[in-house]
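4 protein chains.
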Amino acid sequence: MSPSIISLLHGPDQPGIVAKVSGWIHDRGGNVLHADQHLDRQENVFFQRVEWDPASGHEAREDSEAFVDFAERELGMSVRIALSDDRPKVALMVSKADHCFHDLVLRVRAGEWNAEFAGVLSNHEDLAPVAESYALPFLHLPMSLESKPEVENRQLAWLHENGVELVILARYMQVLSGDFLERVGCPVINIHHSFLPSFAGAKPYHQAYKRGVKLIGATAHYVTEDLDEGPIIEQDVARVSHRHGPRDLIEKGRDLEKVVLSTAVRRHLQNRVLDYRNKTVVFD
Amino acid sequence: MSPSIISLLHGPDQPGIVAKVSGWIHDRGGNVLHADQHLDRQENVFFQRVEWDPASGHEAREDSEAFVDFAERELGMSVRIALSDDRPKVALMVSKADHCFHDLVLRVRAGEWNAEFAGVLSNHEDLAPVAESYALPFLHLPMSLESKPEVENRQLAWLHENGVELVILARYMQVLSGDFLERVGCPVINIHHSFLPSFAGAKPYHQAYKRGVKLIGATAHYVTEDLDEGPIIEQDVARVSHRHGPRDLIEKGRDLEKVVLSTAVRRHLQNRVLDYRNKTVVFD
Amino acid sequence: MSPSIISLLHGPDQPGIVAKVSGWIHDRGGNVLHADQHLDRQENVFFQRVEWDPASGHEAREDSEAFVDFAERELGMSVRIALSDDRPKVALMVSKADHCFHDLVLRVRAGEWNAEFAGVLSNHEDLAPVAESYALPFLHLPMSLESKPEVENRQLAWLHENGVELVILARYMQVLSGDFLERVGCPVINIHHSFLPSFAGAKPYHQAYKRGVKLIGATAHYVTEDLDEGPIIEQDVARVSHRHGPRDLIEKGRDLEKVVLSTAVRRHLQNRVLDYRNKTVVFD
Amino acid sequence: MSPSIISLLHGPDQPGIVAKVSGWIHDRGGNVLHADQHLDRQENVFFQRVEWDPASGHEAREDSEAFVDFAERELGMSVRIALSDDRPKVALMVSKADHCFHDLVLRVRAGEWNAEFAGVLSNHEDLAPVAESYALPFLHLPMSLESKPEVENRQLAWLHENGVELVILARYMQVLSGDFLERVGCPVINIHHSFLPSFAGAKPYHQAYKRGVKLIGATAHYVTEDLDEGPIIEQDVARVSHRHGPRDLIEKGRDLEKVVLSTAVRRHLQNRVLDYRNKTVVFD
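Residue numbers (the working numbering), protein chains in the order written: chain A, 9 to 292; chain B, 9 to 292; chain C, 9 to 292; chain D, 9 to 292.
What the hints contain is simulated information worked out from the structure, not anything from laboratory work.
As the structure is a prediction and not an experimental result, all values here were calculated from the model.
Check each hint, because a few of them may be wrong.
Note that the list lumps identical chains together, so a pair holds whenever it fits in one copy or between two copies.
Claimed, not checked - Cross-link-like lysine to aspartate or glutamate pairs, in silico, DMTMM-like; alpha carbons within 25 Å at most: (1) 97 to 256; (2) 28 to 82; (3) 218 to 237; (4) 28 to 80; (5) 28 to 44; (6) 28 to 77; (7) 156 to 233; (8) 28 to 59; (9) 211 to 51; (10) 156 to 236; (11) 218 to 236; (12) 218 to 21; (13) 287 to 51; (14) 97 to 59; (15) 211 to 48.
Can you build the whole structure from these sequences, using the hints too?
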């Protein structure tokens, strides 16, 4: 069976966009399966996710390219396109904590997501045996202040050689340099262990304990040069009380981090997330 | 400023519906503000909510009638239509409990919803002073097994005379007869104080206490002849523990009932709810 | 029937406190109904809430005074005491928003809490008719930068004359001066319309919209001289999406503010909250 | 360092229990770390969880036995006792689904709980490689209607030989016989993939889809002879919409099942759960 085509569009609003998009698909014999849209009235920007089956006999890849051409030229929109059977290559970057690592790998193995793990990059070797138990390539590159530029170069080389289309920071405890982000060439999703913008920076659970909050949170976001300031994809919280010390918050936070990161990655892989002006539109 | 037009469509799926609907609106100079759709693949039924501004100079009422004509004749769909400045008349039916009553009236007064209260019907006179304090007409008709048919006749007469378009059972403790439901001529929304289908019937909080559940719930649904079996619009739950006796559950449940009922009514009044085969599609 | 006695204790931890407290109560013929305790191991501070029925024939007031004497002298603890039939006098301070106002007054009228409203203080007269409809005294004192000290004096005089034991800022849009807080002589609870410490300060919903968070929150806290920095009693959040503009956040936030503020006030009135070092212990 | 002692008591309420228990501990030089209690006023049953450090130089095991003796003889209470460094042996029973299996094993390996896996019992061999990858013994015994009594005998023999103190049904798709439950000699915790009592029995997600509920749930409970009727330890829910078909509910349910089952097991292993009259008291 032919895959369906998924398109994510955005650009300046204009009359009749919805009719033009669905008209183009219909004229070419396609059948719309899902369509969702959003208009940011403050910025006058239009967003759409539309998924359709191409006409029988059509090549999905070919139709999708024709659509990109149409949407860019005739509508002046930015377009991202995917086919429902795409299996993008994903790389994990980790340090020592393994809870998000296990969670993500097990989801891919259970067939929850259309994705393929290219491998694991780490500045520590602690998780090498775990990666091996999952038969995943593991690139261990220790990092110091001096070696950082050189190590990032080698990481980038590895990501490019392996055709990685999404990098997930699964509790990776190094800050990616602006240079790395500029050259990586694909989105990078990070899990921050606090309810941003609260407790940005280091040791958020200790900060939360000190402030005496009654809920702790976790935030998954695209990584930008501004540390902990990138577009938020997903957040969630869990209730805590005076009985929870910093260690309890850390343990409770692990479950939260797994759920929030996996939800963000799932939506990204399902091509449901558009980011602009440091915010996201998530079509769910 | 002219109001926008909101249409709720459903019917057998067919190729190109989305293109035809948006094409019709575009051809007539309208501009789509929101569109959401759903395809039930098991039943092959297509659902859509679409909201648009008619062309400047057009009469919204006129365009909406033309659209109904188009959607019914050319697409063979069932259509419901509303204008964004409609203020449907709503009647409350109550018994003795007043928490949902206050909550709903205060929301309308705060301007949260486009609606107008026609009045309050009750089988008890306890809430007459409250209705008076809100300057709402109050129709008190005591009800016994014998008088039920006669009382329901008078209630129906009142609802029809006052042009009521939505009836809300705000903890009304009488079962509406099949005859009443057949003749009422508008939707009836009820709040049930349990997480249906658990604990249907009487005294759900006592049932919940007895079973030792760890969450209690509330359910808002359209009323049908099958008691507590109508299409569910909204549900929510709250955490309880062994410390909560039946009275605590009742008190905790009050807040839940207010939130669930008001959410259901809001979505209904925003024309976001379609029901079919005893389930609902809620476009939110 | 004689009321029960509720004691809130805290002080340096020491061996056998639990045994000494329950032993004292038992020796005097009392019967413990509830007891909850907490040990902050970092600070070595012990906290306890204990509720008991005095021996039949005993005067609750008398026993409670004897207990305070015992706990202060023999255990060196700080003690707060209440009887289960106390009905503390509460004052509301409001500006123009009325949602928390209605919510609190209706809960007291529904008998949810043991409390009595002494009256309403406002820097605007908008809510005078509402206060009147609830038969509540309404003290309207407009406030400017110049008049603030004088107005606060008059507010304090009113609070003292009326024996107010708890002040609730129900969306009161003025900052209380340090002088006011020093002289008010009772706790002041505020509702902040954000998930503190995120978005402290003005217009939190606009800040939240700008940052693109996926959850908005509300925070109830005791007021201290450090604006928005007082001990947090309760917090909660609600899910939002890219579809919600600042106005939607404000509307959605209203329900959140009502629930969070009323939960905090309920727990305070049930003598379940102890604050120390800018955090709270909430025995629930 | 000596372990602390944890006691779970319950029995008919009587004056001064709290004082007697804490007095006994204090007299023996112990220091109470936590104490929580509950009085079921309807049944007049008293429950308590108390944790204490024995006096330095005392043997925890010895003191705990003395306490049991005291509580049974002098207070007439039922007592369960544990030491904080106990590592009870746990057995998993599974069929084909592996999500709860992975989740539980990874938590034990991460050191979240004090427990040791004795092994895995299954009526299918699908999960043998997974068990092997975790170095866990795997007992595969296929089961038919005829072989059930014989297979259960062999399962019981294995459990007894291995000193198993808790059995977890991690999506085990066979009903345990009354005979098995009578002879197993330790608690059995099951995860049911619905919000009981809704949708008891088979295929709960299909039932939930058909009814059109807006929340799905999962329930962890102790297993009794009455299928799906045992005392509930923990429940939770997740929001669903018309967009979710039965397969989506199954996938979404997996995360819910993991969280609910692991929460129940954690509380059981922390000796926080008492069951009586088909309900639980959970001291958290």
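Here's how the hints hold up against the structure:
1. 97 to 256: between (35 Å within a copy, 24 Å between copies)
2. 28 to 82: So residue 28 and residue 82 pass the 25 Å test inside a copy (10 Å) and across (20 Å) alike.
3. 218 to 237: both (23 Å within a copy, 12 Å between copies)
4. 28 to 80: both (13 Å within a copy, 23 Å between copies)
5. 28 to 44: Close inside one copy (15 Å) and across copies (16 Å); limit 25 Å.
6. 28 to 77: both (14 Å within a copy, 23 Å between copies)
7. 156 to 233: Result: close within a single copy only, 16 Å intra versus 45 Å inter.
8. 28 to 59: both (15 Å within a copy, 17 Å between copies)
9. 211 to 51: Classified as between: cross-chain Cα gap 20 Å, same-chain 36 Å, threshold 25 Å.
10. 156 to 236: within (20 Å within a copy, 40 Å between copies)
11. 218 to 236: both (20 Å within a copy, 15 Å between copies)
12. 218 to 21: Cα proximity of residue 218 and residue 21: across copies only (20 Å, versus 46 Å in one copy).
13. 287 to 51: within (12 Å within a copy, 37 Å between copies)
14. 97 to 59: within (22 Å within a copy, 39 Å between copies)
15. 211 to 48: Cα proximity of residue 211 and residue 48: across copies only (20 Å, versus 35 Å in one copy).
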